[in-house]
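Protein chains in written order, with my numbering: chain V, 39 to 447; chain Z, 39 to 447; chain W, 39 to 447; chain E, 39 to 447.
Keep in mind that the hints were calculated from the coordinates and are not lab data.
The structure presented is a predicted model; accordingly, all values stated were derived computationally and were not measured.
Idealized CB from N, CA, C, for every residue including glycine.
Each statement offered as a hint is correct.
Taking beta-carbon pairs under 10 Å as the criterion, some of the chain E residues facing chain Z (in silico): (1) Pro326; (2) Tyr327; (3) His330.
4 protein chains.
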Amino acid sequence: MSTVTPLHRAALDPPRPALDTDVAAAAQQLAAALAATAVERDRRGGHAHAERELIRGSGLLALSVPQAYGGLGAGWPTVLHTVRTLAAADSALAHVYAFHHLQVASVLLYGDAEQQQRLLGATVQRRLFWGNALNPLDTTLIATRTEGGWRLDGTKRYASGSVGSDRLTLSAHVRVAEGERGALLIGNLPTGAAGVEVREDWDSFGQRQTDSGSVRFEAAFLPDADVLQAPGAQATPRMTLRPLVSQLIMANLYLGLAQAAFEAARGYLHERARPWFASGVARAVDDPYVQHRSGELWLKVRAAQLAADAAAQRFQQALDRGDAVTAGERAEAAIAAFEAKALAHHAGIEVPAQVFELIGAGATSTRLGFDRFWRNARVHTLHDPVDYKLRDIGRWQLLGQPPEPTPYS
Amino acid sequence: MSTVTPLHRAALDPPRPALDTDVAAAAQQLAAALAATAVERDRRGGHAHAERELIRGSGLLALSVPQAYGGLGAGWPTVLHTVRTLAAADSALAHVYAFHHLQVASVLLYGDAEQQQRLLGATVQRRLFWGNALNPLDTTLIATRTEGGWRLDGTKRYASGSVGSDRLTLSAHVRVAEGERGALLIGNLPTGAAGVEVREDWDSFGQRQTDSGSVRFEAAFLPDADVLQAPGAQATPRMTLRPLVSQLIMANLYLGLAQAAFEAARGYLHERARPWFASGVARAVDDPYVQHRSGELWLKVRAAQLAADAAAQRFQQALDRGDAVTAGERAEAAIAAFEAKALAHHAGIEVPAQVFELIGAGATSTRLGFDRFWRNARVHTLHDPVDYKLRDIGRWQLLGQPPEPTPYS
Amino acid sequence: MSTVTPLHRAALDPPRPALDTDVAAAAQQLAAALAATAVERDRRGGHAHAERELIRGSGLLALSVPQAYGGLGAGWPTVLHTVRTLAAADSALAHVYAFHHLQVASVLLYGDAEQQQRLLGATVQRRLFWGNALNPLDTTLIATRTEGGWRLDGTKRYASGSVGSDRLTLSAHVRVAEGERGALLIGNLPTGAAGVEVREDWDSFGQRQTDSGSVRFEAAFLPDADVLQAPGAQATPRMTLRPLVSQLIMANLYLGLAQAAFEAARGYLHERARPWFASGVARAVDDPYVQHRSGELWLKVRAAQLAADAAAQRFQQALDRGDAVTAGERAEAAIAAFEAKALAHHAGIEVPAQVFELIGAGATSTRLGFDRFWRNARVHTLHDPVDYKLRDIGRWQLLGQPPEPTPYS
Amino acid sequence: MSTVTPLHRAALDPPRPALDTDVAAAAQQLAAALAATAVERDRRGGHAHAERELIRGSGLLALSVPQAYGGLGAGWPTVLHTVRTLAAADSALAHVYAFHHLQVASVLLYGDAEQQQRLLGATVQRRLFWGNALNPLDTTLIATRTEGGWRLDGTKRYASGSVGSDRLTLSAHVRVAEGERGALLIGNLPTGAAGVEVREDWDSFGQRQTDSGSVRFEAAFLPDADVLQAPGAQATPRMTLRPLVSQLIMANLYLGLAQAAFEAARGYLHERARPWFASGVARAVDDPYVQHRSGELWLKVRAAQLAADAAAQRFQQALDRGDAVTAGERAEAAIAAFEAKALAHHAGIEVPAQVFELIGAGATSTRLGFDRFWRNARVHTLHDPVDYKLRDIGRWQLLGQPPEPTPYS
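Whole structure, please, built from the sequences with the hints as guidance.
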């Protein structure tokens, strides 16, 4: 009678997997510990040694390391969810934590089997904390060929997580001749190596404890064994997945901030806020405009959550394809990540700003520190311009043009 | 070493189920057939007999009917996806189609086993098309107790899909005394029953072929066997799921319109649009502002898609709980549906309006009919005020207060 | 004691001039007459002969003509205010009316004293209605040198007000060789001249009665006496003021539409709207969300009003400088006009769309015709892309870079 | 021939008055002096004694005092323009300055001729700086009748400009019986009076140097001669103008902040910003998205400027009506002020937030202090909820309902 085949509905609606309970609990516990001092540390800025040790002690630095190397072997949806959880408590240390995992990803994407085994094995066994000095657009770090490796000279700025790290990934340009830069190499070395100096010169009004110092290299030695990507190596689609990890980290950080601002406002509304005298209601939460705006703000959070979850799944699918991943699959994962990042950017800027309309002047006390959500989101969302992400999404939708793989896309 | 347990990543990332291929193909084929005449029929308005027969012929009227009664037994995620697909082609007939399924849901939610067997069996076997005359807020239809049933007198306005339908669900208020209304009953009867007259008096500037006429009842007889919910029956949480079907239908309709407008603009940009003389680019699609705005608009579509998919899943979970579904689970499904509807409302209004900034004055020819996306979305999004949905979402987020089950929430 | 000089406050606060009473009354009266049939004529489209005669009969076609030539000699703030008033009643005929004045301005800006005397004198005495065929970007109209003038061949599309006009201004490119276009000339001729044919081929979903047909020229003769700007004449800053008249007309048209939509909603709220059942108020106007959104929408109207008034004043100042007006003064007037147009664009699109949130589904009846505000604004705001106006404003603010004088800026 | 009377155009277009040159220059000079240390003082918070002395030395404290009492006798458009100028440099001290003038207005609106002569004469001669302790909604300050005046006991919180002031206006409720408050009185006394103690307990993340301490009264004596409004005096429309001064001050403060943020971004773009690597342009100011967004942001500033100027004029007109001002005229002035405040609120929040999209991560250095524009605007815009201003504007537009005169409206 019918022209279409009967369906087995059950097959259409699989249960959504819960985030693994233990990891979620560990992240929540760590978040609570960070939250306890987050307002005070935001004011102080600088390096948060004790809190970095809390992160190290949580075991979560091993989360992205494959089980083959002793790690927890979590997928990126799980890793990114922990970033979001921590960001809601302390987005600066969440960044330090997330960028550790970005370096783990770098070893997995660029390194060979021996390097992965050695470096990631040590990461788990010695609980190493990685920092970032890998930014190909910052071209001042020069690698000069020397016996058994490279001599590094120059500086990397905005090196997130570098202060207090154990090991750094880095990019450098090969010296061709005096003042002439050649191909790019990617490597890694111990932060404490001779000739490496990390300066605490990060000075922004937000994300103040991200340890984003400058790393100065003066005749530092990078042995060949620690070169992850040789100069001039052709980038495969798989290798270009690294910036997507970075983009997804941003999305989850912004989202965590939006969630945290929303929750802070909710708590304040219940515990302290008084209704506006002209509202005619007994509690601030009963004000029709407070309810309506809460609904509007929540939708910004919600849209970003859904997009971040979808993008993490899509990224993992691309990663799971291994070396077979195509430029087209990489493009799809990139666009999903950009969608998530743009929606989270919007939520991260707007929600922390607008919650004040709900909670009023009394909520601006520095003791509460509610401005930090906006300051942190405002600084971090400038990592790369959202307008170029919107352009890339537009190009993809209109033209099917994949975003050009760059350190920022 | 680590304080958390290793994970099995695979378990975290199940494949997302593809929509069943046959159903999707049937919906696409039907959509293409409807699209061929949609612009012309939008201009004409009125009843679209031939196109309703196309729908009937597609077999998709049986989609939501359980297999036990001979139907396809699809879950609501699948049914709603077909609504979205059809809405992108012709949102008026998609509404007629969707409201048929809403009546099927009504029989499933309110009717007893005998009624389900008899009415839904006939729906499949005789390919019945259902229309809606169930709106408890419209209280002019009066049921007077009579031998073996009820005598119905009065009118139901805005009865979507009533014109040309085979069978109608309806709500009526029991006559207590002259001019005094009592409890509500819900029933159904053949549209061609004696004393039932459908008037084609729908007159809006959008959704013109939704057959939303007035149904006039004059001494029509509703036998007890066709009363789905007896007067004054206590509504269980499960029975209050019906308005959520309605809300989800709206969300998918608005979303289909937003998608269709975006796609129409994309096509026009490629085929006809010329770059603005001051842009300095050779093709309109290369204009940086066209690309950027396309990215912005796409994000509205994308957020609504993700929310609509999530809400459909959540609704199905509640439905699958059967009579055990609690008020709290109903509330969660309701909020998910409201989130989807509010985001789709926004996308449905904004995308069809703003695509014109991409494609310019030449795209306003009545031959193209690109204004219909906005007109259809503008009319349909007024079904119930979005401001009260935002309020309900806010109440839920701030207070954990479940939305009151009403015909609109 | 004080370090600053006492002020005479009175000098700081001059009274704002009221719009001349007679002109305002005449415009109001004309607007009321047009409004009576606007909904029905919008549906019908085509040429509105009777209503054009009402405009002619009002005497307002002489409004912008200097008193020296028998006109009313109103300043542009006054002329543009009448455009706004008429646009609130019937934006299509307001466009026809406004474009008549744009052609008057063209004679004043491009023509010599003899031409002004002759053409504008006739305009007043014979109550001529001018139409537009002047669009230098449409380069298909060719002027070939011939005895005592030029032979015109080709077509001008989107020639607003051409159908039913008495006289047309036009631009044409001089024929240099077969298929090769040379310099631009600007002229004017009677619409009924031999070889001139106006086709009613305007087919948009809005602004349906703007008489924006195509003008086909076949060996039409343009005598030298009616050439307003000789081929290749160097454009002075004063001559580049014409597109600003056009931009200001748009701004006032969009604004009139926004005002009209707001007023229609206000009327409907009082006369017909019912409160939403969940609102708990007795009248729709008492709904807190209706009040709040009305406030938001009003601010869009208000901002556009203030900017349109300021821009008209600034334009008049530039015009009053006569030939002495500098490129810098022209730039300031242009930016003020763009500010007004961009704000009115926003109000013109948003207010007619969002008022439906205030008034609900019942207000979508085609009998009311409330969708015409949006359709008219949507079509008209595509005259030139708002994104390039925003760019020009940005360039001015960031760089002090004057907008390039073009037919659209 | 024409049905309307010729116009004299000149009469329609009076020159807009330039702000009095000397006052503007004095304000600019003072602004420059404040700007020099504003970033550092924002970080420090607390009382800015030296800068308050700069304000005192400028002579501008006499600006609003009528010439009859030795003041400069400026109108409120002029006074408010100086507030805007100072706010662009240092919005905290601009608030202190503006609230001084609010107290001058209070003496003019509530006081009798003798009080005006005595208090304002002294204000000019002794260069007194006034602070605010007048907030009728804060009902903890109790006045108990005593010989020749009132004994004051209790506290006023958020008393802007109180720290370091010479004189305070205040409101208090008359003690009727133990714990029972009666009618309101308004008075003023020297900040140094016995029993008056100002505490520096202002602790917000923005507007840090507004000296908004708590004023504690312990058996302070308010002589009858310094009671400006006797308990229970009926408020005339003129007396209800005071909150409009306050609202207009807010509007100009927010606007000054928006302007300052825009100018800071412009300066940074020229001096330091580098183009985004993917932009393909040589200078950041040439980026199409930077230009476009600058245009958008400028429009927010511009709309607020126009509304603030219009509201100041409208307020002055109401004030100039003296005791004859009606409730209706007061309502019109109030709505104009609310329009200005709501638009400036929007500009004040959005522009300081979004300029960072133009200037990027490098502009977040704490040395530049660019976050202070947002922090200051965010804190100050919470003075009273913008949602209730939008509601009041909506009520006025829909119902013609005048806003209820309260301390906040």
